[in-house]
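Q: 1 is the number of the first residue of the sequence shown in the UniProt record's numbering; add one for each residue after it.
Calculated from the structure, these hints are not laboratory results.
A hint or two may mislead.
DSSO-like, lysine-lysine: derived pairs with alpha carbons at most 30 Å apart [claimed, not checked]:
no., residue 1, residue 2
1, 59, 95
2, 12, 95
3, 26, 110
Computed Cβ-Cβ distance ranges for the label pairs, DEER-style [claimed, not checked]:
no., residue 1, residue 2, range
4, 109, 14, 41 to 47 Å
5, 82, 10, 21 to 27 Å
6, 114, 21, 27 to 33 Å
7, 65, 110, 32 to 38 Å
Built from N, CA and C at the ideal position, the CB exists for glycine as well.
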Amino acid sequence: MSDKERYNFQDKIRFVQDTQYVIGGKWKLPIIISIYHGHYRFNEILASIPNITNRVLSKELKHLEQNLLISRTVYDDYPARVEYKLTEYCETISKVLEAMEEWGKQHREKIKQTDK
1 MSDKERYNFQ DKIRFVQDTQ YVIGGKWKLP IIISIYHGHY RFNEILASIP NITNRVLSKE
61 LKHLEQNLLI SRTVYDDYPA RVEYKLTEYC ETISKVLEAM EEWGKQHREK IKQTDK
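Required output: the full structure, derived from the provided sequences and hints.
A: What follows is the structure, given as C-alpha cells:
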C-alpha cells in the first residue's frame, strides 16, 4: 500500500469514527427519529423511546445540540416550555439513516431465514 493509499485509508477510518461518535450509541438515533416524528418536548421524546431514562435523554440531547443536529428553543411561557427540533444540518444524515434502516430490515430477514 502506497503512502497516498494509506493516508486515504486512514482518513476513511477517521471519518467513519467521527460519524460513529456523533450518531453512534444506543440512544442518539432513536432520539433523532423521535424528534423527526413530531415529539418535540422532553417528556414526549422520553415517552416515545422505551427504557431511556431522564438522565440519559438529557445527556444525549445536549450531545446532539453540541454537534448541531438539534436545536433547543425555550419559550417564555408559564410554565416555561422547551422544544427540540432537527436542524437543517441534521437533514444531511437522512440518506445515511435510510440506508441503515434498509440494511437493518434486510439483515433481520436474513437472520430469520437462517434461524428456520
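Q: A separate judgement is required for each hint: does it hold in the structure or not?
A: These are the hints, each one checked on the structure:
| no. | hint | in the structure |
| --- | --- | --- |
| 1 | 59 to 95 | holds (25 Å) |
| 2 | 12 to 95 | holds (18 Å) |
| 3 | 26 to 110 | holds (22 Å) |
| 4 | 109 to 14: 41 to 47 Å | violated (33 Å) |
| 5 | 82 to 10: 21 to 27 Å | violated (41 Å) |
| 6 | 114 to 21: 27 to 33 Å | holds (32 Å) |
| 7 | 65 to 110: 32 to 38 Å | holds (36 Å) |
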